[in-house]
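**Student:** Protein chains in written order, with the numbering used here: chain A, 1 to 176; chain B, 1 to 263.
Since the hints were made in silico from the structure, they are not lab data. From the three backbone atoms N, C-alpha and C, an ideal C-beta is built for every residue, glycine too. Take the hints with a grain of salt, since some may be wrong.
What the hints assert, rightly or not - Between beta-carbon pairs, the in silico distance windows are:
1. A:L18 to B:G37: 21 to 29 Å
2. B:D27 to A:R55: 34 to 42 Å
3. A:A4 to B:A55: 49 to 57 Å
4. A:P124 to B:D27: 39 to 47 Å
5. A:P151 to B:G70: 38 to 46 Å
Here's the letter readout for the chains.
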Amino acid sequence: MLAAAQDGDEAAFTRLWLDGNAALLRYLRVIAPEAAEDIAADTWVHVVRGLPRFRGDETAWRAWLFTTARRRTVDQARRRARRPEAAIGEVNESELPASDDTADVALEHLSTRAAIALLADLPPLQAEVILLRVVAGLGTDAVAKLVGRSPGAVRVAAHRGLRRLADDLAKAGVTL
Amino acid sequence: MTGGGVSDNDMPNFSWLAGRDASGIQDADLSAMLAGGTPPADASAPLQHVADVLAALRAAPAGDEAAGQGTALALFREQVGVSSQPIRSRRRRPTLLSSLLSAKAAAAVAVAVVGLGGVATAAFANALPSAAQQFAHDTIGAPSPHASNGAHAQSNANAGHSGTPVGPNASGSAAFGLCTAYTHAKHHGSAAQKAVAFRNLENAAGGAANVAAFCAAVAHPGSPATPGTGAASSHPSGPPSPHPSGPPSPHPSGPPSPHPTGP
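One chain only, chain A, in its complex shape:
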């Protein structure tokens, strides 16, 4: 799929983009809820530009996609810290309805949103490593590299996060 896209196959690219974009948004809606769409769009600009020269398999490409998104998120957070008043005014208004208004989204999407909301309640590192493993489909080592931790720390954080998730679900009596 990746090779075909690099050769200019639009159908292959569309497939890659759709899967990748959904994954990016799910990840970003947890780690950067106020700017998920912007960062995803930014990430694609960078990644599509680099696509012809990219060397590696699809897993490596996914790692690159999420590494790019993570860097943009960090940059965005820095910019926001510099001018917080703009961040609150501009972004929250447009983002809040999208994340809070679940009335008109499709049923399967609702449960994805519910899952994202559950992840967002976890400690940030736990949520992030779970998302990178599950949504980005990256292995422990790739995630470790991406977040700058040891593979052991990533494994522990992921497991703790999942156990905590089980706790949260039990306490809330949630039936999914």
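Let chain A serve as the given structure and place chain B on it in line with the hints.
**Tutor:** Structure of chain B alone, referenced to chain A:
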């Protein structure tokens, strides 16, 4: 971090946890689920619920997650479109394209300017063959072929057919034509051409003193039906007008044009 699961005090509230502690969740199961595996068939309810959450996170793209596909595809076409070509030529392509476009645009403007200049001068000198003169009359407001007020009226096959002097319609494209013809005649035309062009303009503007203001306020026509003025602006400094007759120009209303031959 509680590490394990729910406390014993919470347990009675959840019948599905009865007899099992949440610590029954095995690391191996968690690892398998993180890697995309499904929980074992006899998985505890908490583990099953976690599996459900992970499945929801992995669900097929839906809803607004496909928004922006068009933008991404356009970007892809721009960057990767013909990726069998070497990167070097892909980079060069936009430059080549834009230079071609600007050359083409410049040529079109040059043709339009030169073409209109010559035609307009001839038209306002009333020196074109009848059909062409009528066309010029209709499009740029040159005198009608039936008019005989030009210095070169005798060269017109229909000269004298109607003895009534004709001044072009003083609004829109006609006004633009008058101004263009005058400007051209002033620089390149004969004394007679200058006289004709200026007289027409003077009539339209409502007096010699108003000519400068009149021409400054004239809208530039961009009628696709006008030869040489086609898509490119017929004047290098003016935006094309979508309609040949444009908005009426805000000049002092001149004398009504006698127009015996109709529109």
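**Student:** Would you pick out the hints that fail for this structure and give their numbers low to high?
**Tutor:** The structure breaks hints 3, 4; every other hint is satisfied.
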